[in-house]
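S.K.: As they're listed, the protein sequences go chains A and B. Note that the numbering used here has the first sequence beginning at 12, numbered continuously upward. Note that the numbering used here has the second sequence beginning at 382, numbered continuously upward.
Treat the hints as calculated values from the structure; they're not laboratory data. Treat each hint with caution, since some may be false.
As the list claims (entries may be wrong) - Okay, the calculated bits of chain A under chain B, using three or more residues with CB under 8 Å as the criterion:
(1) 89-99
(2) 189-197
(3) 203-211
Predicted model only: the values in this text are computed from it and were never measured. Yeah, the Cβ is synthetic: ideal placement off N, Cα and C, and Gly gets one too.
Residues per chain, in single letters:
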Amino acid sequence: MLSWLLMVIGEEPVSDETLFARYQNGDARAMTTLYDRHARALRAFAQQRGAARPDDVVQDAFLRVVRNGASFQGQAKFRTWLYTIARNLCVDASRRDRFRAGPSLDAPTGNEDSRTLGDRIANDSIGTDASRNLADREFQAAFDAAMAQLPDEQREVFALRELSGLSFAEIAEATACNENTVKSRMRYALKQLREALLDFL
Amino acid sequence: MGRQQATENTAQERVDAAVVDAYERRIAGQAPTAEDAALEAEIAAAELSAYVTLHQRVAGLPRQDVAPSVRSVVLTAAAVGAREHAARLAPQSPLLKLLAWVMRPGPLLAAVTAAAVLVAVSVRHEPEATTAEPAGSAVAMAEAPAAPAAMAPEPAPVAKAAPAPIAAAAPAPAPAAAVPAAEPVAAPPPEAAKPAAMARPVHTIAAQAASLGPAGAPADKAPEEQAQPREAQAKREAPPAAAKQVAAKARLEADDGDALAQGYGNSYKNAGNRQAPLQNLDEAKAELNNARANVAGAAAAPNAAPQVLNDQQQNAQVATRNQVAEKASTDAVARWRQSVADAQTPEDRIAALKQLLAAAQAAGDDKTAKATQATLKLAQSQAVARKRAESLQDTPPAQRAKAAPAQGSGELKAEKAKQ
């Protein structure tokens, strides 16, 4: 109980593996902490990975973690395991979306900004775009467009490194690649993004 | 060609890795190393700066939150999963573990089989234990109850309180070696009212009664008149049996018990069985009452069933004769027992034992007969031994030594020393 309080007030950093071990022992609050720690970055990764509904990817990924919690033996990092699940879900989702007839409301709309079609439909009527910084909106749109032009491997490595914060070793484990290969993909992604976003840099 | 391409790819990957490492160090705010300086010489230094700027812009981009519904769904599932995990990992109490282990089919079957075997063994041993005869000598055999129906233990307050005229003669003067053997002879047999005698032929019993002399009651008395003395006689005879056994057991326990002690102890355990005469007497009394009622009924309606009345009268008379004959034989045996106890000399004792043996055989009391026979043999052997001892005492020491050269008794040695 004391360790839990210390963890809540932030005096004792608790690793993901420790939290998940607590969850395996019946502590549901540990899963809450893990969700709050990784949900947003996981959504960003799923969005950059091309998932039409990144929230669904986040939900499915965490549900798989909950259901298959007994199979996690702590041999890999929890974050690596979570992103491997999310990556597989994104791959499955992209395969399904190929046969989708109409555009999804959760899908990014493309060049103009990073908002989804649903966001645009909802926000255009309210008119909240005025609160946004114009430069950020333009950069966001250019960035999304540049990311969309990247090959999947490079976009995946860049998203995992820059948006989700995984180390290159973790990315290499999650993508089942050599670490130098991951770094090489990272350099090419940086190179292409620099060239695409040269006006904003 | 392919190998050279692979080598070049590997080299390029190393360069790319070095560039990315330098980029990582820059965005981490670390100082550039000598390797980074060499890299910057190869590639434009502006490229690394552009990478760092790109990183900063990307990091500044707003990230959208996950929908709250997703959070609630995930956390609900997590709560359920946590309960399942806790239930799976919860330590069970040892009792529940033992119960779960026992309730498996294997141990359950083994327990049922073991219980069935135990029940079967106990059921098989129970009749053996109830019918087992106590280990004892001829004394115990002589005093054992003859009727199996009288095995039910019953406290005998009457036996303890009633006087014991026959048992009072038990500590009769007798040779020390013959005391244990003489006890059963002095003890009154409990077979006085043996129900088997009821089924004996009338002529046999009548002949025995006639041979026993005046001890028996007249056979032509009415059943009403004979019932009272018979009951009193049975009550007089039955209690001394238990009292005698108590006295005998106490004496044997005081003597620290020999082989006969166990027999007497076992006989004492079955002291309650000596209420058999009383039970048999009650049965005879009930039978007489029935006969009386039948006679009364027949007298009330003489024309109704004269044949039935005659049969009942005959049965009642036969039962009465049998009981009178049994009593006469019992009296004869008791009388000769008293004679044995009162015998002053071994010869008189042997003669009395012979008469007692004949009376017991005439009364059909096999156990008393066997016990008496054993006692008679013992008395005869003692008499022979006594005669030999007397003849040896009369013989001069020289002849005695010649007659028994192997005996190196102290007395013989002393006489030789004197000579």
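S.K.: Determine for every hint whether it applies to the structure shown.
M.R.: Against the structure, the hints come out as follows:
1. Interface restraint, the stretch 89-99 of chain A with chain B: violated (0 residues with C-beta to C-beta distance below 8 Å; minimum three).
2. Look at the stretch 189-197 of chain A against chain B: 7 of its residues bring a Cβ nearer than 8 Å to a Cβ of that chain, three or more, so the hint holds.
3. Under a criterion of three residues with beta carbons nearer than 8 Å to beta carbons of chain B, the stated coverage of the stretch 203-211 of chain A is upheld, 5 such residues being counted.
Consistency with the previously given hints fails for number 1 only.
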